[in-house]
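Asks: Sequence:
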Amino acid sequence: MEKLKNLTKQSEFKRKIVIVLALIVLLMAFGIINPAYLSYTNIMTILLATSTNGLLAFAVSWPIMTAGIDISVGTVMTFSCILSGVAFNSAGLPIGLCIILGILVGSFCGFLNGFMSAKLGLPPMIASLAMQMITKGLSLVISGCKPVYFTECSWYQKIATGNFLGIDGFYNAIIILLGMCVVSYIIFSKTIFGRYTLAIGSNSEATRLSGINTDNWLIGVYTLCGTYAGIAGLVLSSRLNSAQPALGPGYEMDAIAAAVIGGNSLMGGEGTIVGTLIGALIISSLQNGLRIMQISTETQYAIIGVVLILTVAFDQRRKKKKTVSKNNT
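Under my numbering, the letters of the sequence shown match residues 748 to 1076, in that order.
No lab work stands behind these hints, which were simulated from the structure alone. The reader is advised that the hints may include incorrect statements.
Claimed, not checked - Quick list of the computed label-pair ranges, beta carbon to beta carbon:
{"hint": "1", "residue 1": "Leu-844", "residue 2": "Thr-792", "range": "30 to 40 Å"}
{"hint": "2", "residue 1": "Val-888", "residue 2": "Val-772", "range": "43 to 53 Å"}
{"hint": "3", "residue 1": "Ile-764", "residue 2": "Met-1014", "range": "18 to 28 Å"}
{"hint": "4", "residue 1": "Ser-1043", "residue 2": "Lys-763", "range": "25 to 35 Å"}
{"hint": "5", "residue 1": "Ala-783", "residue 2": "Arg-942", "range": "41 to 51 Å"}
{"hint": "6", "residue 1": "Asn-963", "residue 2": "Ile-847", "range": "22 to 32 Å"}
{"hint": "7", "residue 1": "Tyr-787", "residue 2": "Asn-950", "range": "23 to 33 Å"}
{"hint": "8", "residue 1": "Asp-915", "residue 2": "Lys-1067", "range": "42 to 52 Å"}
{"hint": "9", "residue 1": "Gly-913", "residue 2": "Ala-1060", "range": "38 to 48 Å"}
{"hint": "10", "residue 1": "Cys-892", "residue 2": "Gly-778", "range": "35 to 45 Å"}
To be verified - Straight-line C-alpha distance at most 20 Å; calculated DMTMM-like pairs for lysine to aspartate or glutamate:
{"hint": "11", "residue 1": "Lys-1067", "residue 2": "Asp-962"}
{"hint": "12", "residue 1": "Lys-866", "residue 2": "Asp-962"}
{"hint": "13", "residue 1": "Lys-763", "residue 2": "Asp-1062"}
{"hint": "14", "residue 1": "Lys-761", "residue 2": "Asp-1062"}
{"hint": "15", "residue 1": "Lys-905", "residue 2": "Asp-915"}
A quick note: this is a predicted structure, and the numbers were derived from the prediction, not measured. A virtual CB, placed ideally from N, CA and C, is assigned to each residue, including glycine.
Build the full structure now, drawing on both the sequences and the hints.
Replies: Below, the structure written as structure tokens:
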């Protein structure tokens, strides 16, 4: 058993090394194609884009660790900032209260996803698909199919795009991302929440029989996922100084790709926060490089789709090898 644990740790370490090397190779390749890619300004642009992708990748990582999924994070993100913007512009609520409202809306959407999965028995894919459609529709209705602007608040845009400590180009959104990475790492590595999340993903029935209320824990996992989506909505709307009702769909695929590339197994029971951040950096770097090469958005989606397929296939193969090794041990 001890030998198996050591092999698992070695495998996880090797995987982290591989994705770090993949990121370095990707940066070097695009840098050779276009030297401007590695400029300070463009690197900061990549990190700014990662602030949204990374937060959503952290969000979906939690359900993925339980062998579940949440494909509604993109539209929940949009819905939270749309509602926040409407509350600010139409209801005249203080912007601070509107920000809190937006994050709480994300949490509530996540709670509903967890409730539908754990208590009503809906497959996570179906529950989150329903939530995706609901939040997408509500965003369009509430906004009147038009962008909701935050121009009346002079400092709102600085939440994400203000320069941290006055360093030109080093945006506050990057600090928010790194801060949430640290918080996520602590929750995952230092609390029972992280341990129980992995336990549910490894063997939900055995975890339940050990006396853990898996239903309540799953609801907690999805609520946390929705909270991250709400925070991502704050960062994105601050970046754009507006909430765009049609912008959310598509973000969930980038987030899932980042989480899986980073080392979170779709079969559950495995997760990594630092790896997820690196996965988000890979996705953002790839998108930025393809954009600089003037590759169409449609082709970018296709390329990221291929990357996701290859990553999942590799993960499945690795899981099978791990199972064989465990049985032999």
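Asks: Looking back at the numbered hints, which does the structure fail to meet, lowest number first?
Replies: Numbers 7, 11, in rising order.
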